[in-house]
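Colleague: The residues making up each chain are set out below.
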Amino acid sequence: MYAKHALRAAMACFLTVAGIAQADVITIATVNNGDMIRMQGLTSDFTEKTGHQVEWVTLEENVLRQRVTTDITTRGGQFDIMTIGMYETPIWGANGWLVPLDDLPAAYDADDILPAMRDGLSHDGTLYAAPFYGESSMIMYRTDLFKQAGLTMPEAPTWDFVAEAARQLTDKDNEVYGICLRGKAGWGENMAFLTAMGNSFGARWFDEDWKAQFDSDAWKETLSFYLDLMNDAGPPGASNNGFNENLSLFQQGKCAMWIDATVAASFVTNPADSTVADHVGFALAPDDGKGKRGNWLWAWALGIPAGTQKEAAAKAFIEWATSKDYLALVAEKEGWANVPPGTRASLYANPEYEKVPFAAMTLKSIETADPLHPTVDPVPYVGVQFVAIPEFAGIATEVGQEFSAALAGQQSADEALQKAQALTTDAMEAAGY
Amino acid sequence: MARAVTPKRKAITTALAWAAGLVIFFPILWTILTSFKTEAQAISDPPVFLFFDWTLENYGIVQERSDYMRFLWNSVVISLGSTLLGVAIAVPAAWSMAFVPSKRTKDILLWMLSTKMLPAVGVLYPIYLLFIRFGLLDSRAGLVVVIMLINLPIIVWMLYTYFREIPGEILEAARMDGATLKEEILYVLTPMAVPGIASTVLLNVILAWNEAFWTLNLTAAKAAPLTAFIASYSSPEGLFYAKLSAASTMAIAPILVLGWFSQKQLVRGLTFGAVK
Amino acid sequence: MATRHSRSAARLMMAPAVILLLGWMLVPLTMTLWFSFRKYLPLRGGDLGWAGLENYSRFVSSSAFWPSVQATLIIVGGVLAITVCLGILLALLLDQPMWGQGVVRILVIAPFFVMPTVSALVWKNMFMDPVNGLFAHLFKAFGAEPVSWLSQAALPSIILIVSWQWLPFATLILLTAIQSLDREQLEAAEMDGAPPLKRFWHIILPHLSRAVTVVILIQTIFLLSVFAEIFVTTQGAFGTRTLTYLIFQRVLESQNVGLGSAGGVYAIILANIVALFLMRIVGKNLDR
Numbered sequence: 137m138y139a140k141h142a143l144r145a146a147m148a149c150f151l152t153v154a155g156i157a158q159a160d161v162i163t164i165a166t167v168n169n170g171d172m173i174r175m176q177g178l179t180s181d182f183t184e185k186t187g188h189q190v191e192w193v194t195l196e197e198n199v200l201r202q203r204v205t206t207d208i209t210t211r212g213g214q215f216d217i218m219t220i221g222m223y224e225t226p227i228w229g230a231n232g233w234l235v236p237l238d239d240l241p242a243a244y245d246a247d248d249i250l251p252a253m254r255d256g257l258s259h260d261g262t263l264y265a266a267p268f269y270g271e272s273s274m275i276m277y278r279t280d281l282f283k284q285a286g287l288t289m290p291e292a293p294t295w296d297f298v299a300e301a302a303r304q305l306t307d308k309d310n311e312v313y314g315i316c317l318r319g320k321a322g323w324g325e326n327m328a329f330l331t332a333m334g335n336s337f338g339a340r341w342f343d344e345d346w347k348a349q350f351d352s353d354a355w356k357e358t359l360s361f362y363l364d365l366m367n368d369a370g371p372p373g374a375s376n377n378g379f380n381e382n383l384s385l386f387q388q389g390k391c392a393m394w395i396d397a398t399v400a401a402s403f404v405t406n407p408a409d410s411t412v413a414d415h416v417g418f419a420l421a422p423d424d425g426k427g428k429r430g431n432w433l434w435a436w437a438l439g440i441p442a443g444t445q446k447e448a449a450a451k452a453f454i455e456w457a458t459s460k461d462y463l464a465l466v467a468e469k470e471g472w473a474n475v476p477p478g479t480r481a482s483l484y485a486n487p488e489y490e491k492v493p494f495a496a497m498t499l500k501s502i503e504t505a506d507p508l509h510p511t512v513d514p515v516p517y518v519g520v521q522f523v524a525i526p527e528f529a530g531i532a533t534e535v536g537q538e539f540s541a542a543l544a545g546q547q548s549a550d551e552a553l554q555k556a557q558a559l560t561t562d563a564m565e566a567a568g569y
Numbered sequence: 057m058a059r060a061v062t063p064k065r066k067a068i069t070t071a072l073a074w075a076a077g078l079v080i081f082f083p084i085l086w087t088i089l090t091s092f093k094t095e096a097q098a099i100s101d102p103p104v105f106l107f108f109d110w111t112l113e114n115y116g117i118v119q120e121r122s123d124y125m126r127f128l129w130n131s132v133v134i135s136l137g138s139t140l141l142g143v144a145i146a147v148p149a150a151w152s153m154a155f156v157p158s159k160r161t162k163d164i165l166l167w168m169l170s171t172k173m174l175p176a177v178g179v180l181y182p183i184y185l186l187f188i189r190f191g192l193l194d195s196r197a198g199l200v201v202v203i204m205l206i207n208l209p210i211i212v213w214m215l216y217t218y219f220r221e222i223p224g225e226i227l228e229a230a231r232m233d234g235a236t237l238k239e240e241i242l243y244v245l246t247p248m249a250v251p252g253i254a255s256t257v258l259l260n261v262i263l264a265w266n267e268a269f270w271t272l273n274l275t276a277a278k279a280a281p282l283t284a285f286i287a288s289y290s291s292p293e294g295l296f297y298a299k300l301s302a303a304s305t306m307a308i309a310p311i312l313v314l315g316w317f318s319q320k321q322l323v324r325g326l327t328f329g330a331v332k
Numbered sequence: 113m114a115t116r117h118s119r120s121a122a123r124l125m126m127a128p129a130v131i132l133l134l135g136w137m138l139v140p141l142t143m144t145l146w147f148s149f150r151k152y153l154p155l156r157g158g159d160l161g162w163a164g165l166e167n168y169s170r171f172v173s174s175s176a177f178w179p180s181v182q183a184t185l186i187i188v189g190g191v192l193a194i195t196v197c198l199g200i201l202l203a204l205l206l207d208q209p210m211w212g213q214g215v216v217r218i219l220v221i222a223p224f225f226v227m228p229t230v231s232a233l234v235w236k237n238m239f240m241d242p243v244n245g246l247f248a249h250l251f252k253a254f255g256a257e258p259v260s261w262l263s264q265a266a267l268p269s270i271i272l273i274v275s276w277q278w279l280p281f282a283t284l285i286l287l288t289a290i291q292s293l294d295r296e297q298l299e300a301a302e303m304d305g306a307p308p309l310k311r312f313w314h315i316i317l318p319h320l321s322r323a324v325t326v327v328i329l330i331q332t333i334f335l336l337s338v339f340a341e342i343f344v345t346t347q348g349a350f351g352t353r354t355l356t357y358l359i360f361q362r363v364l365e366s367q368n369v370g371l372g373s374a375g376g377v378y379a380i381i382l383a384n385i386v387a388l389f390l391m392r393i394v395g396k397n398l399d400r
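As you go down the protein sequences, you meet chains A, B and C in turn. All you need for my numbering is the position in the first sequence, starting with 1, plus 136. All you need for my numbering is the position in the second sequence, starting with 1, plus 56. All you need for my numbering is the position in the third sequence, starting with 1, plus 112.
Worth double-checking, as some hints may not be accurate.
Mimicking DSBU-like on lysine-lysine, the simulated pairs with C-alpha atoms at most 30 Å apart in a straight line are [unchecked claim]:
(1) A/LYS500 to A/LYS460
(2) C/LYS310 to B/LYS66
(3) A/LYS446 to B/LYS278
(4) A/LYS390 to C/LYS252
(5) A/LYS185 to B/LYS278
(6) B/LYS320 to B/LYS66
(7) B/LYS320 to B/LYS162
(8) A/LYS500 to A/LYS469
(9) C/LYS252 to A/LYS308
(10) B/LYS238 to B/LYS162
(11) A/LYS500 to A/LYS426
(12) A/LYS460 to A/LYS390
(13) B/LYS64 to C/LYS310
The set of hints was computed from the structure by calculation and includes no laboratory data. These figures come from a predicted structure and were not determined experimentally.
Input sequences plus hints: build the corresponding full structure.
Modeller: What follows is the structure in structure tokens.
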């Protein structure tokens, strides 16, 4: 008995010591976006504060997603923190694959996280991943070109205004295109845009019985409007343009308008990369008078896979990377415009940040997105530009390929919608809906 | 061999061949050039070819973002390790196929090649689960084994075709002199086969170096080779041509240099028994 | 001669390679077969029980199936045709006496050393990009409208990229074969006044048949599983979804391992049909 007690005491003693002094090496999988790369550069600050080291696995978005999904579903345990989005978080959280983040310390001030972000990253009211940066989408436009053409962009334009302005501003001889929109196939590329656009036209993915809705008039109107607009006023080869391609077009002054992620605002206004940095204005994503705007809601967030041996260190990292202090740290080193946006209310209340030209419009866009009620007609799903079910990514990528082929002129809008309807119905049957 | 060739004809073929060579090489050349440009110059219209401000800043940025040497070392270990292990296993097999052929030898060879036709994606989950069970995820050892298995058929095939060109009489003579099987392989066969083995090693190092599916999917931080290094540069935000070019150049440079220096050996081994 | 001794020794020496490859083939194959009969959805909790032949029928009845088989065959066939034809021409050219032969040969084989991912990225961004790509600049310089290669001509573009990577391989093998050609025979034909085309057709081409066979055999094996080039460029859009890519979509994007495994079994069947077809022609040529 005595020996057992002694052993236990020794163990307890050891564990306490270990708990204080243990410096772990955690492995973090992340995507190669600018804000994450900046975070990597600042890792030393985290190591100084906590003693923990970080190994980074930085991958392109598609590779990352395939990598972390394989690992989480097989319990591979390769990562202590995974960078995941608003799509994965509720699904994985519901499966019990993520460590709940409901015990964050008071100093972290979890209530400061914007409600839209919090809702999107929770399942049944429990937060499963902390937002690193959040975004909606909005119009970025060239103030100089608008002025030249005698046009004024309202703060909340309609699709009709946007389309008319785009056609008027297109000057193909000088390689200026009225509007740049995503056309590259993928659920996170053209389908993110088109699903959000569809919301404003009254379209939806599924009705309340999970029946695919691509045969509806609303979708037909959405797709034809998009195709006509892009054919008249879009850049060549738009069916291969995703976020990055459009960003680089806009930075080179080849787009008069661009509707895309709010985070792009800091890139297009950065004189180091952008030739048009001084002439960018912002407006809310367009609507069609039906009560919903065509803007989405997304967050890249940090989650901890259940079962990791280094949960404490991983939590410490998340508390560091998504804290108010981290925002201040980035602001100090790189300026307020480069702070990861869209996660905390306190950031938008900060008088320094209010001076950033796109801050107000970003917040307004995020606030108008409602992941719980994304569409005009009721739907059984959560998610603005996606449907939070495991099958969605696969289905939407295939649908996206049909729409992309339509944009490339290889099929008509009707053909694309017919195929979309058929393959969605088929995949939903396979999934047992 | 000595053919009388007019200088005119030689000039024409030279011009043609250089033109073809430069066209084929151009994408690589352009990548290397772009890696020394600034991002703005990389997309300038019209494109600049040589007259730009040469800069090393892209290499600096890439190195700052990811520790190149670690990825490089993993690539070296995995490609060399898998190749050497593969050759060690393949030499006896190829020897016996070449010198003691049976009716089934050719079937076995073709069957070995056909194992390469199984689509890798289809077995990702099974292999991933196996790797978890044996604790091989993100380990160089695991990758060495997998890449070795992927390339083993090619190694056996190449060595087999090479061994077959070694005249059997020499071996018989050695046997007459009382050489044991071991001695026969070690002292007679191996010296003659060194060029063949060398080119086999070279080709398979290249194949292993460029393997991008398993090396990407079975690694995380510790064992990730250059294929994973490049996966973080494929489409970052903003202008990225120059950085992408720098990363690409860094990823292919070692193998390109190796290939060029050992060109003769490689060419000799690439026959796959195609000659004769 | 200790024939029996060396036979059993030979078998022993072959054993490690054969056993390893058998394991490498059988373990994943068995698992693929097993999963293909299961309803296995990793994101819905994993193995959800027996599915019978449902995965098989669903995979084939999908509208994507036949186009994917077609795309696979077009890519394999297209790349083979281009690399073999250009390879023969290049090999003939490189065989001629010239200045700087070594350097030219280095230039020609260089693409072989480039990782597929890198080559796809370079082609996609720096050449085929419709705005900043070099081809676009070239077209504009001649007053033509830039083509967006990867959507308007997606399949040919991919064939071009893959051919560029494999052309060195074909060229080198064919070059070695040409160099082993009996010069005297060729020169005798030249003396007899046979025109170049005839010499090529009756002497060179038959001599190359074995090399061509080897090129086709080895390349087909690699080409059937082309993946990185598609993943990086079109992600399977615009008719470039090959069977391998379709399986990738089923397994990783739709997270339906059962369905993907059934696809894997089909891919194996297709590979075997191609292999059988190859062996018919190759088998004859490989015998001495």
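Colleague: All hints are to be evaluated individually against the structure, with a verdict given for each.
Modeller: Verification of the supplied hints:
no.	hint	result
1	A/LYS500 to A/LYS460	holds (21 Å)
2	C/LYS310 to B/LYS66	holds (22 Å)
3	A/LYS446 to B/LYS278	holds (17 Å)
4	A/LYS390 to C/LYS252	holds (16 Å)
5	A/LYS185 to B/LYS278	holds (24 Å)
6	B/LYS320 to B/LYS66	holds (23 Å)
7	B/LYS320 to B/LYS162	holds (29 Å)
8	A/LYS500 to A/LYS469	holds (27 Å)
9	C/LYS252 to A/LYS308	holds (13 Å)
10	B/LYS238 to B/LYS162	holds (25 Å)
11	A/LYS500 to A/LYS426	holds (18 Å)
12	A/LYS460 to A/LYS390	violated (37 Å)
13	B/LYS64 to C/LYS310	holds (23 Å)
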